[in-house]
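Following the hints, put chain B in place on chain A, whose structure we already have.
Chain by chain, the residues:
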Amino acid sequence: MPKQLPGELLKLQLRVEEAARSYGLSFFQTCYEVLDYDEINMVASYMGFPVRYPHWKWGMEYERLSKNYEYGMGKIYELVINNDPCYAYLLESNSYVDQKLVMCHVTGHNDFFKNNFAFAHTNRKMMDEMANHATRIRRYMDWYGVDKVESFIDRVLSIDNLIDCHAAFIKRGKIVDEEEEEPKGEGQVQVSRLPADKEYMDRYVNPDDFIELQKQKLKAKAEKARKFPKEPARDVMKFLMMHAPLVRWQRDVMDMLWKEAHYFVPQAMTKIMNEGWASYWHAKLMTEKVMESSEVIDFADRHSGVVSMQPGQLNPYKLGIELYRDIEDRWNKGRFGSDWDNCTSMAERRNWDKQLGRGREKIFQVRKLYSDVMFIDEFFTLEFCKQQGFFAYGYDKKRQEFIIESKDFREVKNKLLQSLTNLGQPNIRVTDGNFENRAELLLEHKHEGVDLDMQYSKETLKNIYAIWTRPVHILSSLEDRCFCLSFDGESFKEKLISK
Amino acid sequence: MSLRIHNDHNRFKDIVRGRIKQNLKEYIKKGEFITKQGNEKIAVPIPSVDLPQFRYGSKSQGGVGQGPGKAGDSVSQNPGDGEGGQGQASSDSAEHGLDVEVTLQELADMLGEELLLPRIEPRGSQRLKVKRIRYSGVHSVGPEALRHFKHTFKNALRRQIATGTYDPSDPIIVPIRSDLRYRSFKVIDKPQSNALIVYMMDVSGSMGEEQKEIVRIESFWIDTWLRRHYDGIDSRYIIHDAMAKEVDRDIFFHTRESGGTMISSAYRLCADIIDKEYPADEWNIYPFHFSDGDNWSVDDTRLCVGILRDRILPKVNQFSYGQVESPYGSGQFIKDLREQLQGQSKVALSEIKDKDGIYKSIKDFLSEGR
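Those sequence lines, one after another, are chains A and B.
According to our numbering, the stretch in the first sequence is residues 12 to 510, in order.
According to our numbering, the stretch in the second sequence is residues -2 to 367, in order.
Hints in this document: simulated from the structure, not taken from any laboratory.
It is possible that some hints are incorrect.
[As the list claims (entries may be wrong)] In silico SDA-like pairs for lysine to any residue, Cα to Cα no more than 25 angstroms straight-line:
1) Lys78/A - Glu37/B
2) Lys424/A - Ser57/B
3) Lys22/A - Phe310/A
4) Lys473/A - Tyr53/B
5) Lys10/B - Thr146/A
6) Lys332/B - Arg156/B
7) Lys360/B - Glu348/B
8) Lys159/A - Lys67/B
9) Lys78/A - Lys67/B
10) Lys457/A - Gln429/A
11) Lys67/B - Thr392/A
[As the list claims (entries may be wrong)] Anything over 10 angstroms on all C-beta distances counts as not near chain A; from chain B, calculated:
12) His145
13) Ile170
14) Ile270
15) Asp297
16) Glu348
[Said to hold, decoys possible] Derived DEER-like restraints, expressed as beta-carbon distance ranges:
17) Gly85/A - Lys242/B: 54 to 60 angstroms
18) Ser502/A - Ser45/B: 21 to 27 angstroms
19) Asn425/A - Asp351/B: 53 to 59 angstroms
20) Gly69/B - Asn362/A: 31 to 37 angstroms
21) Ala178/A - Ser45/B: 27 to 33 angstroms
Beta carbons: idealized from backbone N, C-alpha and C, even for Gly.
Chain A with its partners taken away, still in its complex shape (with noise of 0.2 angstroms):
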């Protein structure tokens, strides 16, 4: 059962939530509870969920935090989830200076989730449904054994990253599609003619080679109808759950677990935002409203903390600050638009300040529109990238170790985003499910410059195999050469194929 807040503390959230307000934030109903440091560390385990369906990967989190704990290597401070009402944990051991900077910082979390657009398709209500699914979940395990639906779910979780995280957004084709039309066969292939009177001009009036042509393109429709799924399907989990042999069991748990790990999209696709937008806000707040004079040095210490960088580490935290102060800072000065795009006086640049104030307006406007890759898109300028001293680093073979590879605007950008881009996660879909005509799964890796680490893609595929129980197969290309790996329940193969 949920403690009640200490009066104290309860006292501090309503005078946190009055400051938020008068700032414009709006936010969700809070409510938050008080954890010790075990129950901290397991709630963080959940992903913020006080209930989970069982599953050792949750006991190995809990483990990593707990040493981390116990070693003071770090400790959570806080934690909030996306839910209406919004619940958040408080650490009982933190001071009382901690509490009211994770309020604030919360209260900005909170504001996030009502507002930006990614979070308008979550459920509100996840809270109760993950308890729904761990309940379940449990049942199958009574029912069918531990050991048999574990081990299913781990086979899930293996491919949990392959969804499409723009599906909230976009209709794309069906992956069942309904009742169509019987392709026809190859022999069936008419190609129709236009007459001729006389017999001897039919060869001008339908000319071979046209006709032939008009085989083809009709073979090739045919072939096409045949093809499935229709179009490449995006959503691997999903083309699995669907159309893998799979009990009624199997399909219900691959539900549930597609149902999870799209609500954790959004926040993948707004961390640097959300997080960003947090910082900003609890240090607006404790700055301006909250803080007693006698906590300046314990609010700077955490704040410092919480935006410190370390060398090849990006902190979205610290980005995400830096980027909403900017653009605060440009429209407030009317550092924008083409007069200042096109202004190539460095003196003038410098100097630019057009008394607009529009910079609070705007970076509401930022929260609630944008995704990280389009925020890094359109705010992340050469000045901003010079000033923050960016790098973009990679491996050195010869050297065998990270380097810091340039701090050339375009590449920094470019790396930039690309590790966001898909949620940093590889474009993988399904291009054939009746490869070979032998019922076989063909998977194709749309390569992007980065090449898949392959010592994980072979489990991957097992685990996929296990799903399918056909032989599955995935397009790929490491070091510029393209390959087909396959797995056929014994073993793998590796083919090289040429361009």
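Structure of chain B alone, referenced to chain A:
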């Protein structure tokens, strides 16, 4: 309080245990652990426990960072979570491999489960116990030398507060007779070692470093397993070439001598030690002998069998002979023993080809559970 996660956590630990068991053979081959004892934790590497997914190779991907430095500088990769934010951090956890801490005892138990080793039934109904004294209690009477100041003081303070004679501005505590407390002792039974392992090793010229390493590792695991079953264990070490002598553990494992091989000398010394110091009805005795099987003469072998049959076998739980393959030895000895000690149930013989053979050999020795 029991949290829901503990089920999942135990499930994960089971998986880890399973992985350790799978790789047990590898760990046994390694000599790294043999300086460890009983409850000490050791870190064993296991292949990563992970849910595989199609993902980018980290080396091929690279990334974007922030900070000082110019092109060509190296990036120190210190993975560290800035702050636990969304609970999304799990995706970047440890990449390959995992070090798991287990105690040596747990590892020994796993070895037992994996090799299907039976529990050993100790011999001799009267387990030897030694009485020891421990000052762990508090009593109201006792000699002044054992007065427990803290308890006495507390009692006096409590009494004075209760009776209202305590004045915080002048905090003088005066204990009276009934406040005094003394340390008192309890008698506890401490088990005395009741098992003896006699290690014998051939150190003649034909036993090289590799052979000795095998002996060292194998005897370590035997030692660990037997310690699981006895409260305490006495170990004695004998080396021999043409002559046998008793040495300490260190010399046993490191010395290298040359010369001929008279196995009977070691057996005789072993029998002497047992006769003199370890009465067979109170002790569980396990002699182990390792050699490359190249005895001096047929006569000596006959002598060995005689000593074994008459003096050693009647007193021990089990006599074990491990023959390490060496490029020089003829390996005749194990054949002779096999022939001549047929039907003797207390004898375990094993041939060890190389480090991989240790695993099987441990099973040979310990699978009887005597």
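Do the hints match the structure? See the list:
At most 25 angstroms may separate the alpha-carbon atoms for a hinted pair to count; Lys78/A and Glu37/B meet this at roughly 19 angstroms. Only pairs whose Cα atoms come within 25 angstroms are accepted, and Lys424/A paired with Ser57/B is accepted, the gap being roughly 17 angstroms. For the hint pairing Lys22/A with Phe310/A, the CA-to-CA distance comes to about 19 angstroms; that is within 25 angstroms, so the pair holds. Taken as a hint, the Lys473/A and Tyr53/B pair is honoured in the structure, with Cα atoms around 18 angstroms apart against an allowance of 25 angstroms.
Distance restraint check for Lys10/B and Thr146/A: the Cα-Cα separation of roughly 23 angstroms lies within the 25 angstroms cut-off, and the hinted pair is therefore satisfied. As the CA atoms of Lys332/B and Arg156/B are separated by approximately 82 angstroms, the hinted pair breaks the 25 angstroms bound. With a C-alpha separation of about 12 angstroms, the suggested pair Lys360/B and Glu348/B falls inside the 25 angstroms cut-off, and the hint holds. Between Lys159/A and Lys67/B the alpha-carbon distance is near 53 angstroms, which puts this suggested pair outside the 25 angstroms criterion.
For the hint pairing Lys78/A with Lys67/B, the CA-to-CA distance comes to about 36 angstroms; that exceeds 25 angstroms, so the pair is violated. For the hint pairing Lys457/A with Gln429/A, the CA-to-CA distance comes to about 13 angstroms; that is within 25 angstroms, so the pair holds. With a C-alpha separation of about 20 angstroms, the suggested pairing of Lys67/B with Thr392/A holds against the 25 angstroms cut-off. Every CB of chain A is more than 10 angstroms from the CB of His145/B (nearest about 35 angstroms), matching its label as outside the interface.
Residue placement check: Ile170/B keeps its beta carbon more than 10 angstroms from all beta carbons of chain A (closest about 37 angstroms). Against the 10 angstroms criterion, Ile270/B stays outside the reach of chain A, whose nearest CB is about 48 angstroms from its own CB. At the 10 angstroms boundary, the C-beta of Asp297/B stays outside the reach of chain A, the nearest C-beta of that chain being 55 angstroms off. In this structure Glu348/B is separated from chain A by more than 10 angstroms, as the shortest Cβ-Cβ distance comes to about 35 angstroms.
In this structure the supplied range 54 to 60 angstroms holds for Gly85/A paired with Lys242/B, their Cβ-Cβ distance being about 57 angstroms. For the pair Ser502/A and Ser45/B, the supplied restraint of 21 to 27 angstroms holds, since their beta-carbon distance comes to about 23 angstroms. Take Asn425/A and Asp351/B: their Cβ atoms lie about 54 angstroms apart, and the range 53 to 59 angstroms holds. Between Gly69/B and Asn362/A the beta carbons are some 36 angstroms apart, a value that agrees with the proposed interval 31 to 37 angstroms.
For the pair Ala178/A and Ser45/B, the beta carbons lie near 31 angstroms from each other, so the given range of 27 to 33 angstroms is met.
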